Amino acid sequence: MLSNSQSERKFGKQKIIIPVVFLLILIIGRMTLPKILLKKTNKYLSEFSPHYYLHMNDIDLNILLMSYRFKEVIGKLKGSDQQFLKIESVDVSIAWREIFRGRILTDITTEKLDFLIMKDMKKISPKKEEAYGIKNKLFPVRVERLDLLNASITFEDYKSLNDESRLKISNISGRITNINPTEKSPLTFFSLKSNLLDRTSIFTCVGELNELKNPSDWNLDAETKDLQLSALNPYLIKHLPITFTKGTLDVYSEVKSENGKIVGYVKPFFKDIKVKMNKGKLIRIKHFGIEIVKDLANLVLRSKTRTLATILEFEYDKKFKIKETKKISKDSKNSIKLQIRPGIEDRYNIN
Amino acid sequence: MKTKLIFFLIVFVSLTSCASHKTKKNAEVGSNQQSAKESTPTSTPSMEAKQLANEQETSYVTEFSFRKGSEELSPTSKKQLEEVSKKALVRGKIEMIKVITWADQEYPSAIKNKLSASQQSLAKKRNDRIKNYLKKIHPDVSGDIELISMAQRPSFMKNLLSSDDARIKRSLESAGIPDSESTSKKGGKASKSIVLILVKAEKK
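Residue numbers (this note's numbering), protein chains in the order written: chain A, 11 to 361; chain B, 27 to 230.
Heads up, some of the hints might be wrong.
[As the list claims (entries may be wrong)] Simulated pairs of lysine-lysine, PhoX-like, Cα-Cα distance not exceeding 20 Å:
(1) B:Lys-113 <-> A:Lys-194
(2) A:Lys-286 <-> A:Lys-256
(3) B:Lys-119 <-> A:Lys-194
(4) B:Lys-226 <-> A:Lys-223
(5) A:Lys-281 <-> B:Lys-119
(6) A:Lys-81 <-> A:Lys-53
(7) A:Lys-203 <-> B:Lys-212
(8) A:Lys-194 <-> B:Lys-226
(9) B:Lys-119 <-> A:Lys-266
[What the hints assert, rightly or not] Facing chain B, from chain A, some residues (calculated, C-beta under 10 Å):
(10) Asp-68
(11) Thr-198
(12) Ser-201
(13) Lys-203
(14) Ile-212
(15) Val-216
It is worth saying that the hints were derived from the structure and are not from the lab.
Note that the coordinates shown come from a computational prediction; the quantities given were computed from them, not determined experimentally.
From the three backbone atoms N, C-alpha and C, an ideal C-beta is built for every residue, glycine too.
Kindly generate the complete structure, drawing on both the sequences and the hints.
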């Protein structure tokens, strides 16, 4: 039997040993766990799809803040090895605001995501099982929100306005919330903002998606403001006989898809426009019809008005068609019979 | 080739089917009753309001203006509040209502921090009016009504705790609303109010 002093010494040693061992486990775990996880995750990501694979360069763990980070994630097609995805970092962290509401959810933030939209997107469109597999492997805790910072999208099949490089939309920031909808909370919300053509114009879109329905219902509102028409000139100079010397374009649009049927409208506002005709191009565009071009020139150049607006309404139900274009006419006293107001009209909502 | 044709047709159709009018400093309704009826509504929420609603995970948002210096709700504003809350109640139970209101000046910049006492009082009175009206039209609604004044920036503690007040104001700034120092007041929200209704869907 131990004496009091021996018991005290033993207890004293345990008081030091237990936290030291715990600390050692933490340190060893912190050093080895990311490497083990990285190897296992990369193995899974290389095999889960027959058409493409994903790979990440590193995983960082922050046990205290309960977060982790994937670094330098790339996606390539199998066979051709064509890269379609690159992400500088993907941060996954606990949504602390939700903890106070009694929910354990995570937020994901991507930094510098570059995505290539290819001619044949079927190769990289994941099947439901593949998508769920990745989701469960990489994001085991339900995701509440995804933030995109400084992202860009490149279109493989489309040239940019100067025809020299691929069309690219950059400086995209966006947010998607309620990524894992439930019956009680079925709508996923998304919003996106980016520059268009020049730095002065901003494209914004917000929308909702109900993926619990099959096919999914969605609705989006979009607007772009103050697009300098002269930014279109590098394209126009090469292909059309007009050049904008002045003017801006605002565009407002709403689109809804319900039960597979799409309806929507686009409302462009051309403001303060001044146009110059490039006569030398008339011969090259003969096949469009010189008369059409002449009418266009007359309308724009001889008209005293500086702001033009219209609404193009369209629908898609197995076939795309323009339903209606609101035509405005001037009466004999030169006043307007119908005025179109700028802004989203809020016509559509999904149930 | 196909792209060029489509692009040209879009430009051509847009320009040839366009309305045209001489630019005026203040946009007005057309000169006759017919045009007044056919013109699109001015009371739809702005893109900033929609972005905010989106982040709060709700589709039920409305936006309206106050007359300068006044906290009285116009008949149009009351109608908008009634319509949006009616739509929300069809969906389910109202969980919370968030009322975000400006005084007659833009959101104070980081340098200014808060507007004058009279402007702060005006924003508060407007918020109270909206709250009282909502309680009047829906006395059975049990959800909280949170009032946010855009006459002052969030305090240090609110920022630190990332309170709702701080997050909403940060979201609006990211959406691009001008502040008191902005040279361009485009998209300005002075004298406006945004009301968001968060709904708890009822099980069918």
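Hints and how they fare:
no. : hint                    : result
1   : B:Lys-113 <-> A:Lys-194 : holds (17 Å)
2   : A:Lys-286 <-> A:Lys-256 : holds (10 Å)
3   : B:Lys-119 <-> A:Lys-194 : holds (12 Å)
4   : B:Lys-226 <-> A:Lys-223 : holds (19 Å)
5   : A:Lys-281 <-> B:Lys-119 : violated (44 Å)
6   : A:Lys-81 <-> A:Lys-53   : holds (16 Å)
7   : A:Lys-203 <-> B:Lys-212 : holds (17 Å)
8   : A:Lys-194 <-> B:Lys-226 : holds (7 Å)
9   : B:Lys-119 <-> A:Lys-266 : violated (25 Å)
10  : Asp-68                  : violated (29 Å)
11  : Thr-198                 : holds (9 Å)
12  : Ser-201                 : holds (5 Å)
13  : Lys-203                 : holds (8 Å)
14  : Ile-212                 : holds (7 Å)
15  : Val-216                 : holds (5 Å)
Checked against the numbered hints given earlier, the structure breaks hints 5, 9 and 10 and satisfies all the rest.
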